[in-house]
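K.L.:
Take these sequences, add in the hints, and give me the full structure.
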Amino acid sequence: MVDASSCSVATVTEQFIVWAEDLPYWSVGGSLVVGLLWLGISLLEIHRARLNWISRSAVYLSTVISLFFVTLAILRPATVLAKVSSLGAKVVVLIDRSRRMSLAVDGHSRAESAEIAFQKLSKRFEGVRLASYEFAGNHLKLLEPSKFPEPNSNSEYSDLTLTLDKLSSELNEKASAIVIISDGRWERPVESEEEQNFGNSGPLKGTTIHTIDVGGRVPRDASILSVQTVGASVAHQPLALEVVVYCAESLRCGKVPVRVKEHKKGVSPQILAQGEANFERDSIVRVGLEVVVERAGTRIIEVSIDAPSGDEIKENDNRYVTLEVVRDRLRILHIAGRPTYDVRALRTWLKGDSSVDLVSFFILRTDTDETNTEEDSELALIPFPVDELFTEHLSSFDAIFLEDIDAERYRLNGYFGNLARYVEQGGGLLLVGGPSAFSGGSYAGGPIERVLPVTLVKSEHPFDTVDFIPRVTAAGRAARLLEPLRLVVGDRLPSMPGANTLGAIKSQSVVLWEHPTRSALPVKTGGVPGPMPVLAIGEAGDGRVVTLGTDGSHRLAWGKEGLATAGRAYGAFWDGLLGWVMRERRFESALGEIDGICIAGIPAKVRVSFTDHVDGEVSIELRRLESTASPVATVKRRIAHEKGILFDLPTLVEGGYSGLVRIGDAPAARFDFACERGGKAWSDSRPDKRRLIQVAKANGGKSVTSANVDELPIPDAPQVTSFRQITPWLPTWVWALGGATALAIHWLLRRLVGLS
Amino acid sequence: MTIVKPFQRNWSRRRFFGGLALSLLGLSKSVQAMGQSGTFSARRLATGKQPASVERDSGLARWSWELMRRTSAPARMTANIISAASPELLDEPFVLWSGSGDIEPLLPTERRGIEAFIRLGGILIVDDAHPESGNFSRAARRELRRVVPESPVTTLESTHVIFKSFYLLKRPYGRVVGSERVEAIVRGSTAQVLFLPCDLLGALASKPDGSFRFETEPSGKRQRELSIRFAVNIAMYVLCSDYKDDQVHAPWLMRRRARWQP
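Here the protein sequences come in this chain order: A and D.
Read in order, the letters of the first sequence correspond to residues 1 to 756 in this note's numbering.
Read in order, the letters of the second sequence correspond to residues 1001 to 1262 in this note's numbering.
Simulated from the structure, these hints should not be mistaken for laboratory data.
Computed from a predicted model, the values in this text were never measured in an experiment.
A hint or two may mislead.
Stated by the list, open to error - Here are a few chain D residues that sit away from chain A, every Cβ distance over 10 Å (derived from the structure):
#	residue
1	Arg1138
2	Glu1183
3	Pro1208
4	Arg1256
Unchecked claim - Quick list of simulated restraints, FRET-style, between CB atoms:
#	chain 1	residue 1	chain 2	residue 2	range
5	A	Thr322	D	Ala1258	50 to 60 Å
6	A	Ala474	D	Pro1208	51 to 61 Å
7	D	Glu1104	A	Glu408	50 to 60 Å
Glycine included, C-beta positions come from ideal geometry on N, C-alpha and C.
P.N.:
Structure below.
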């Protein structure tokens, strides 16, 4: 790691004397004490001995001299030559760079205040070695010396506890102090009354931490602090939402309406629930709402408030929540115009799936059938509740099978509008062929045609009865929804007992099986001429539609094919079709998801992953969710043998988006996401001065604002000796000899004058 | 299901044969499914040296004709005799095994064919032409025990779906009045092999002039009508499986059963 330093190093050469450097300090003091004691005893002894002044002077002098030499023998003085450098104190500056810091009040953002504070700090701490880091989200990044980071971070939060942990492993030199420049609105340490919770208990324990508050004043803001779901999101079942709404006291919100909407592809957002936040007592109110999401998969939910006038930050008045809605059970409606072995096979397969709630209505008797009964009570028949089904209960079904039923005869065509809207709002529709299906059942020209992947033609021959083997198209071979069938039967399909007359495939829809000999009849509206589609898939609004223009899929379960596969081919075929309609991920050609978050005005990234290695061009077509207009952006990349790819998206505006990933001939895979204006980062606009003060206090530091950075104490500069040379005055043995000789002379004098 | 006020028609032999002729010409409901593989066909299973019964086989076409006349189901009026060893046995999920006496043990190929048919989910009707002796029924059970040894024979409740799949009935009907219960081999939740104690095919068998070949005993015409209804119910069971067991039908059927006694 390169340590950023903003000061020069001052080096001086020093010369000084050291004493007994190899002995502990107490030995020097001890020897002096012993020497003085010795001197004192000697003086007392001389005074009591009644000696003449010559003897007394000689003994006294020898005592001092011997004491001097013994002391020198112990202390052994030496001269030291040293080079000493003064590096300046090391101070770490942590700059909060979460997107929250771009919140602006009175024309100044917190990031701008942070930059000013940083400049003041650099000036104040001139001569101090500053190492600057930016922290946001879960990352900590060392900055170039004296360079302030660009305000482009996508991180939605900042976590001081995590940052200090990371910093401790980054530093290779203990910092004299840490200075944090932030607004204090961190994820951690959490708000607490207890001061010890803010003390740094990690490896940096004991390091002084100062804080610089750049949050400014509390904005006059009403916002959605958070949206939380209680329990799992299950389709058709009530989901409890807790919306936490904040309103600054200065704004005087009173009662604020709260609204929950679901964004669906191709249709206007639908209101799921409404409530009210009452701010008469508190500035933070929890609003409980219950919503029912009918469709499984990724659903985009928008929660918004009607903030009062004077709200300074509009961007946090709404939040987008991406719900991954699961299904408890699959609720399916199966309607058949007449009982056949094809109907039997489909019903048997659907009933065999324990996760399916199947509601069936089969037309068992027509107006012209002669039951030979005198009264209805002899029959086990019930009326076909067409009105009830297609008005009251329609939205409760995840998918609807319409199999060979005459829409005019059984009054379905009166509800084609409802059925089309059902599909556009996320429902699944599977049309299965037969004499009364498609054009044979008055489907052509009705509102339902707009959601079908194929065009319909009013033909005198709505079907034929010639056996044929469907031809699998390139898209059919690439489609993951037909992969289970391919695994069972390979490319061998059974012959089908005739085909419905269908028009050309619509643009954006895909033909998986086509007729080997018949061509799509010319039609005036749309469609691409070519072989007649037999099996086609397409998206319509938020829903998906499958059309199968034959009533012979039961041949996958019976006959030679059925025997060869033990009937598994039939299940594999319909499992793929129904699974694709229900947006099961395993049947998508690719999976797309936003990498991180999408914030309006900031470029986002999309991660696309594939089940297998993929070659070729991959494209993403982005559309606004509620719009049917042309794409807002299309991005393309060519890849070679890769299982995943990261796309850079252009900057987007706020709202829900739908991305269609296309790879080769495979059907497009869809993924939905939302871009927010404020996002989580701006949801809570209040600066937290109290937490800044608590952190500084708990760690021996000081909390200041950007205006009074000069009040921060400058830490002492540590000094480092880079060169040191020791030169003894005399060799040790000379000191020892001198001391011994002086002691000997002193002893002889004492003997001469009569002392013991 | 759309219900209209029932009306009576003259059920003549002329109409039966007229319908048969139209069917063969491709103009009746039997071609109202694209191709014919999806339509009901009353097929008879032929095993070993079991003697053919041309007289009773005429009941197969009658069965299809009655089904077409009375219901929306398309059907084929051809009398198909399918060998148990033939791959064609697996083309469709319905076959009727009729006989009147003891039968020789099934050949291994026949056993494999019937086993595959049952394992694919097919419905096999064992129709004893002489339920008084019960020889055929016993022999068929003996052979089927070798085919699906893991599936025992059980007695179906009178509330089973075969008694309400189109008409409301309380018991099986046929040429003779046999047991009030139908025994069956149930696999999963489906009764796949039904042992009929009443010679159903005998009640449907017709002469070339369209009249019925055998008298129904002891109740004559009424028993014939109920036999036809039972045959229609079985066909509907084959086509719709347990559709009438769905919860949506339950309240209606309870009310109607309370009002009508067959």
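K.L.:
What hint numbers does the structure not satisfy?
P.N.:
Per hint list: single violation, 4.
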